[in-house]
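**Q** Spelled out, the chains give:
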Amino acid sequence: MTGWEQVYHIGPAVTLLGGAGVVLLADMILPRGRAPFALLTLLVLALAAGWAIWHANTGTTGPSFDGAVVTDRFALFFIFLFIAATAAVTIASTDWVKKLDLSAEYYALLLVAAGSMSLLVQGNDLILIFVALETTALVQYVLVGLTRRDRSAEAGIKYLISGAVAAGLMIYGFAFLFGTTGATSLDGIASFVQAGHEEARLPLTLGFVLVAAGFGFKMALVPFHGWAPDVYQGGPTPIISFLSVASKAGGFAIALRLFYTGLGGSETFISEDWAMMFGVLAVASMLFGNIAALVQTDLRRLLGYSSIAQAGNIAIGLAAVSTGSTLGPSGVMFFLATYVATNLGAFFAVIAISQRIGSYEIGDYAGLIRRSPMLAAILMLCLLSLTGIPPTAGFIAKIYIFNSAVQAGEQWLIVLVAVAVVNTAVSAYYYLRLARTMIVDDAKDEMTFRPTLSMQVVLVFAAVTVIFVGLVPAPLISAAQRAAETLQIQ
Amino acid sequence: MVTLFLLLPLAGALLALFLPRERELDARWIALLFSGLAFAVSIVIFVTFDPDQNGYQFVDQFTWINPSGAGFEVQYFVGVDGLSAPMVLLLGLLSVVAVLVSFNIDERVKEYFAYLLLLETAVAGVFLSLDLIQFFLFWELELLPMYMLISIWGSGRNRYSAMKFLIYTLAGSAFMLVGFLVIGVDAGTFEISALTEMPPQDALIPLSLVFWAIMIAFLVKLPVFPVHTWLPDAHTDAPTAVSVMLAGVLLKMGGYGILRIALPILPEQAHDFRFVLAAIAGFSVLYGAVITLQQRDLKRLIAYSSVSHMGYVLLGIAALGAVGLSGAALQMFTHGTITGLLFVMVGLIYERTHTRDITSMSGLMHRMPLIGTVMLIAGLASLGLPGLSGFVAELTIFLGAFDAHPAATIAGIFGVVLAAGYILWMVQRIFHGPADEKWADLKDANCWWEHVAMGSLVVVIVAIGIFPGIITDSIESGIAPIAQIFEANL
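Each protein sequence line maps, in turn, to chains A and B.
By this note's numbering, the letter at position 415 of the first sequence is numbered 415, and the numbering carries on one by one without gaps.
To convert, take the position in the second sequence, counting from 1, and add 1000; that gives this note's numbering.
Incorrect hints may appear among the rest.
[As the list claims (entries may be wrong)] Straight line, CA to CA, 25 Å or less: simulated SDA-like cross-link-like pairs of lysine to any residue:
no. : chain 1 : residue 1 : chain 2 : residue 2
1   : B       : K1164     : B       : F1225
2   : A       : K444      : B       : F1225
3   : B       : K1164     : A       : L138
4   : A       : K158      : A       : E105
5   : A       : K444      : B       : F1283
6   : A       : K444      : B       : E1111
7   : A       : K444      : B       : G1363
8   : B       : K1164     : A       : Y141
9   : A       : K444      : B       : D1106
10  : B       : K1164     : A       : D101
11  : B       : K1164     : A       : L294
12  : B       : K1164     : A       : A292
13  : B       : K1164     : A       : D187
14  : A       : K158      : A       : D187
15  : B       : K1164     : A       : D298
16  : A       : K99       : A       : Y141
17  : B       : K1164     : A       : A377
18  : A       : K444      : B       : E1107
19  : A       : K98       : A       : A56
20  : A       : K98       : A       : A84
21  : A       : K444      : B       : S1155
22  : B       : K1164     : A       : L30
23  : A       : K444      : B       : R1021
24  : B       : K1438     : B       : A1488
25  : B       : K1164     : A       : P391
26  : A       : K99       : A       : L30
27  : A       : K98       : A       : L25
28  : A       : K444      : A       : Q296
29  : B       : K1164     : B       : F1283
30  : A       : K444      : B       : M1365
31  : A       : K444      : B       : R1159
Hint data in this document are derived by calculation from the structure and do not stem from the laboratory.
This is chain A alone, in the form it adopts within the complex (with noise of 0.2 Å):
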């Protein structure tokens, strides 16, 4: 394979970077606050999705760069993901953009995030993943600090110091992999775990015990998610929004890839092992999320610990290890789908509202269907699809993830699924509090408003994909398991 035919591959990725590149050299050749950022951004995505397309259409796959990274369904299922998140935070943010002096830095440090998660995704190998997962992660450090604010510089040294422990911890794992089974590469490790070696259980262990600590840090699971409450609420709501999603998203990518390609999915001694412990942090995040989720106040806050809950639920995808079903893969994959649109929906609705209200307590978003019915509706939709209850996206996320659970056929899953529902009617108290809030209390203040043009086509691009997944989920849940099935040990 010659070089270009490689660089091919990871075609999406190269766009994405190399348009963050344009999009500063922009900066210095067009004239100052008056350079099209925004639409470069969006072209700039859109050629990704292009060639990511093309990937799917074409049939590209298999292995490129001496096995380091991997062309595959799976793969481009997330890279389109991160693309369809990265657009709507563009265009979501094009007004709060417009306050801060540092536009072109904003929007490229946007695409070396999408670009180097998307060459996460790609990632077969563990230096290349290790790479890519501290590339996204520096950029997503800088994002939080960007505004330069005390609260966000804040936000964004918590972010960065907890970042960096994750990473030690993930990189010592990552030494006890290559230690043990001597590969980096995620073949190598499976052809050692598949054949057998019992004696190595220990050091594996240690191994992937390590590595989810890291991972766990990405997908915001309990007990490594401490920094989410703090920077939810210090740093700047856009890239919140963006970091909710999309980092989530890239940590449950990898941790797919890892642990079903790299450690055998069912397929070995090992499997029971991991997922019994994703199975425990799922109930942790759920129990700790949900419960602290009660009390707060802040809105930002309350997201923040629904993210940890939401992360406990998506977990139980990865506990759902069964052999020869992709169910809990493409549960995780199909949950994380609906995830990015409603919680982006919901993040984007809070920003155009206390955009307005000037404040991010609860209390203040009383009466506000009076004030703006559109954005009071488009939350509480959201927060329904949150909850689960139907005909959102999230009901179905919800129950095809329990199902894939209860499929795998463990005793202990179906007392984790049991906790899960039971999590669903805590979560359902804080929720639907909030839309109560909005829907049934009267208003302080009678002034009307609606959200910018940018903003309304976002949420309603984010509505009608939770409503349209929640009635017509087959094409998406086809998606998600056809790209689930390439994770499989051929």
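Given chain A's structure and the hints, the job is docking chain B onto it.
**A** Coordinates of chain B only, in the frame set by chain A:
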């Protein structure tokens, strides 16, 4: 046909929601039109339903979710049999009544009728669904409109009551979902009729646990002691129409679920636990009746009497024979009409006196003879006077249950004595006695909608009391296959 019944209220809800604000009051007519059309459809379904034919009629079926990788197939599958046909008729009738008694709503009219119609669609979906996941979807869909109706248009501690209703139902249905998934995954299908034909023999967790996981949702909804406490609160604080729907059809979802799902799919477990069910039933009847006697609030009084009357339903079910089960199904229908009418009357009285405190009312018969008379008819039907519909149902239940559960049946019969006490005492305190001067200005029922709402229910109550065959023919054909399961095998 049944899909039409399902979609008509939903169409009305959407139409009402998009009315221009200045024509808000037209939402009433839209709601009346669409609920009236749905009622007409339900009459057509009930009349053309052929009780001599086996299986479901008016079936609509297509695959809703069937992703390529299998493992999660969900159908849209609706139809009626002898069990659901009367429920559909009851729902159609009570929805029209609920719309009529809401004609004087003047606050947020569009939203009110949209939620009311959405509620009708959700409950219709529960009665018509023949697939477990679809059943669960509609079961959850009912939560939101109910929550909003109580929160926005209720009175007193309505927020607390609405949230209590929501959490109780969600917690119950959470376990139901686990039960459904365990059964469905084990059998490889979620289709109720297929599961009925080959009841699961063995599953991942003990089937008795599955049985209770499913039953808990239905028992909460029914409700019986000790999970009934949400009902008096919800009733007391709900607007009149919502009380009518709640007592009239929502409680029936519980009994219907037991008859449709729990008994046919898990007959052995139902048989094993029949004494537990009978004990709960007998205690509920007595407990509900004793608590009813102590109530001073008119709505609470009728709410607690519902707990007592729903105990009869469970008693009939616990008998597990054709007679008892038919009685239970009939009791659900008659209780829907009788208690629906009682709540209509309470609403009318409250509108005039602005109090529900029984002790502060006296001699109202002089001021409102029509309301007093209809209330007396409803009360007599409620206590089981021969010639009215309540008598037929309760007698059938006692006949069916006496052999199997003599003690619980005797408790039930004693409950009837108490019912005579609390109903007659209530009527005596409110309508008789010296005419109080402060009620001198009160007017009798004087609007056409009040007359239609009262009249239609009285006609049904009297008609079934005299010719029970109009309902029982259908019910018996629906009960026969369930009763056969128990007669043949156990």
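**Q** For each hint, tell me whether it holds in the structure or not.
**A** Taking the hints in turn, this is what the structure says about them:
1. B/K1164 - B/F1225: 16 Å, holds
2. A/K444 - B/F1225: 42 Å, violated
3. B/K1164 - A/L138: 46 Å, violated
4. A/K158 - A/E105: Roughly 22 Å separates the two Cα atoms, so the pair holds.
5. A/K444 - B/F1283: 48 Å, violated
6. A/K444 - B/E1111: 21 Å, holds
7. A/K444 - B/G1363: 44 Å, violated
8. B/K1164 - A/Y141: 42 Å, violated
9. A/K444 - B/D1106: It holds: about 22 Å lies between the C-alpha atoms, which stays within 25 Å.
10. B/K1164 - A/D101: 49 Å, violated
11. B/K1164 - A/L294: 15 Å, holds
12. B/K1164 - A/A292: With Cα atoms ~20 Å apart, B/K1164 and A/A292 stay inside 25 Å; holds.
13. B/K1164 - A/D187: Violated: B/K1164 and A/D187 sit about 53 Å apart, past 25 Å.
14. A/K158 - A/D187: Violated. A/K158 to A/D187 sits at ~36 Å, over the 25 Å cutoff.
15. B/K1164 - A/D298: Since the Cα atoms of B/K1164 and A/D298 sit roughly 24 Å apart, the hinted pair holds (cutoff 25 Å).
16. A/K99 - A/Y141: 20 Å, holds
17. B/K1164 - A/A377: Roughly 23 Å between the alpha carbons, so the hint for B/K1164 and A/A377 holds.
18. A/K444 - B/E1107: 18 Å, holds
19. A/K98 - A/A56: Roughly 36 Å between the alpha carbons, so the hint for A/K98 and A/A56 is violated.
20. A/K98 - A/A84: 22 Å, holds
21. A/K444 - B/S1155: Distance ~21 Å between A/K444 and B/S1155 Cα, so the pair holds.
22. B/K1164 - A/L30: 60 Å, violated
23. A/K444 - B/R1021: 22 Å, holds
24. B/K1438 - B/A1488: 64 Å, violated
25. B/K1164 - A/P391: 22 Å, holds
26. A/K99 - A/L30: Holds - the C-alpha atoms of A/L30 and A/K99 are around 19 Å apart, at most 25 Å.
27. A/K98 - A/L25: Holds. A/K98 to A/L25 sits at ~19 Å (cutoff 25 Å).
28. A/K444 - A/Q296: 20 Å, holds
29. B/K1164 - B/F1283: Distance ~23 Å between B/K1164 and B/F1283 Cα, so the pair holds.
30. A/K444 - B/M1365: Outside the cut-off at roughly 45 Å; violated.
31. A/K444 - B/R1159: Between A/K444 and B/R1159 the Cα gap is close to 19 Å, so the pair holds against 25 Å.
Violated hints for the displayed structure, listed by number in ascending order: 2, 3, 5, 7, 8, 10, 13, 14, 19, 22, 24 and 30.
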